[in-house]
Amino acid sequence: MGDRHTPYADPAGHLAVAPLGARVRSALAWRWGTQVIAQILTWASTIAVVRLLEPGDYGLYAMTQAVLTALAFLNGQSFATSLVQADRIDERRVGQVFGLLLLLNGALALTQFLLAPYAARYFGEPLVEPMLRLQALIFLTVPFAVLPQELLARRIEFRAQGLVNLASAVIGAIVALALAWFGFGVWALVYAPILMFATRAIGMTIAAGTIVRPVFDLRGAGDLVTFGGALTVCQFLWIVQSQSDILIAGRSFDAHQLGLYSEALFLTLIITGRFLPPVNEVCFPTYAELHKAGRPLGPFFLKVQRMVALIVMPAYLGLSLVAGPAVATLFGPKWAEMAPIAAGLALAMPAFALQIVCSPSTNGMGQPKAYLMTNGAGAILFPLLFLVGVSSGPTGLVAAWWIGAPALLAFTYALTLPKIGVRWTHLATALAPAVAASAVMAAAVLTARSVLPPLPAFAELALLTGTGALAYVAALLVVARGAVSEIVAFILRHELAPA
1 MGDRHTPYAD PAGHLAVAPL GARVRSALAW RWGTQVIAQI LTWASTIAVV
51 RLLEPGDYGL YAMTQAVLTA LAFLNGQSFA TSLVQADRID ERRVGQVFGL
101 LLLLNGALAL TQFLLAPYAA RYFGEPLVEP MLRLQALIFL TVPFAVLPQE
151 LLARRIEFRA QGLVNLASAV IGAIVALALA WFGFGVWALV YAPILMFATR
201 AIGMTIAAGT IVRPVFDLRG AGDLVTFGGA LTVCQFLWIV QSQSDILIAG
251 RSFDAHQLGL YSEALFLTLI ITGRFLPPVN EVCFPTYAEL HKAGRPLGPF
301 FLKVQRMVAL IVMPAYLGLS LVAGPAVATL FGPKWAEMAP IAAGLALAMP
351 AFALQIVCSP STNGMGQPKA YLMTNGAGAI LFPLLFLVGV SSGPTGLVAA
401 WWIGAPALLA FTYALTLPKI GVRWTHLATA LAPAVAASAV MAAAVLTARS
451 VLPPLPAFAE LALLTGTGAL AYVAALLVVA RGAVSEIVAF ILRHELAPA
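Here the sequence shown stands for residues 1 to 499, numbered as in my numbering.
A portion of the hints provided could be inaccurate.
Claimed, not checked - Derived pair list, reagent style BS3-like, types lysine-lysine, alpha-carbon separation capped at 30 Å:
1. Lys303 with Lys369
2. Lys419 with Lys369
3. Lys303 with Lys419
4. Lys334 with Lys419
5. Lys303 with Lys292
6. Lys369 with Lys292
To be clear, the hints were calculated from the coordinates, so they are not data collected in a lab.
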């Protein structure tokens with residue numbers, strides 16, 4: 001039952017399958033496009049909420065998120081993801097994954113509930129206990145969102161997913177703003193995600209249009225468990241890497257200081273944490289289908305790297321240069337201490353972004369070993385750097401990012417490029433336009449900043465941002481005119497189809 005294009009046969013028979021290029025363009029249009037809209041709405045709400053709450057509220061929330069995320073690697077999503085890469089699946093195999101998801105997430109909810117008082121003692125914040133116990137409800141929604149999401153992803157169909165994610169983002173934004181406005185404080189940050197996850201679970205279940213009966217007998221699902229287990233280990237290592245700074249700093253920083261760092265990190269991770277995952281979600285099944293068809297993965301990999309570089313390099317370099325007026329304009333004066341932290345972190349993020357979009361290529365080939373090795377390296381490197389840097393406060397953590405992100409990118413390239421048949425010279429050629437144009441942009445912004453008279457923060461931000469954007473586009477038109485067309489095609493028509 002089912003083929004490489006369908007999750008499994010439905011009563012109406014096999015679904016018609018459009019050409020791969022058309023499906024990739026449509027997938028990016030819906031998944032990335034709705035993500036952009038959702039983030040605009042979310043950020044409008046977030047900026048308002050940040051102005052209503054205190055840095056200490058975000059410090060407390062960061063503590064609970066470190067615990068929740070540390071447990072989330074066992075939520076079973078990797079086993080559901082294995083359905084995307086598998087050659088053939090049927091109703092029983094889908095039911096086995098659903099049964100596994102129910103068991104794992106029920107256990108995680110109970111575990112977080114029981115661990116809550118110990119986490120509160122570790123961080124020295126009693127309020128962490130009730131926050132964590134309420135947030136345990138999030139795990140109970142995961143099976144009903146993750147399984148239908150991966151079934152839709154297998155067909156590279158992201159329209160319904162995009163609409164559901166947009167709806168959940170709107171609900172979360174409204175709830176967070178309303179609760180913050182009415183004085184709920186840090187609880188606004190707790191209740192909003194719970195309602196977001198619940199909305200997403202209901203919406204994804206409806207969007208998939210399939211009622212799945214859980215199967216708790218896992219016999220015959222060895223390949224799914226093996227591949228999913230490898231991805232689960234990778235996810236664990238990723239969480240060690242990504243959450244170690246908060247876990248380490250949580251015992252050294254007070255809630256105010258931790259709130260400043262965590263929000264600076266949140267600001268600089270907007271692109272990597274919000275806009276790149278949709279790209280990866282589309283790229284993974286695309287690489288898998290290319291591999292199954294015996295087509296080379298290298299050209300598509302270079303296209304993805306070039307497009308990501310063209311977007312993230314100027315965005316992050318620009319953020320670093322305008323962090324002061326940006327924080328003053330968006331967050332308000334009580335967050336002024338956050339500006340130098342955000343400026344420093346932004347410089348490390350282009351390398352971090354390019355590293356993130358590498359893993360779908362080897363995972364799509366059914367070879368998660370490279371992903372496992374890169375995450376293992378990150379899980380060792382970043383905690384060691386954070387342990388050394390934490391004694392210097394937030395600036396020490398920033399320095400750790402400066403060393404860790406480029407080092408991990410170089411290691412990831414060294415493992416990935418030979419497997420997909422890409423040479424270093426080809427990669428350098430693909431990245432060169434973004435590097436050259438970003439350098440021109442930085443020079444223009446620095447020059448403008450040096451001659452501008454004292455201005456209100458919003459006016460300074462507008463002038464510097466406009467200067468940088470114009471300089472960047474002008475530089476691209478000189479050094480890589482084709483890159484401008486590629487950016488326009490991606491933003492307006494979401495074209496990132498395989499060559």
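A quick look at each hint next to the structure:
1. Lys303 with Lys369: holds (23 Å)
2. Lys419 with Lys369: holds (11 Å)
3. Lys303 with Lys419: holds (17 Å)
4. Lys334 with Lys419: Violated, at roughly 49 Å.
5. Lys303 with Lys292: Holds: Lys303 and Lys292 sit about 20 Å apart, inside 30 Å.
6. Lys369 with Lys292: holds (18 Å)
Of the numbered hints given earlier, the model fails hint 4 alone.
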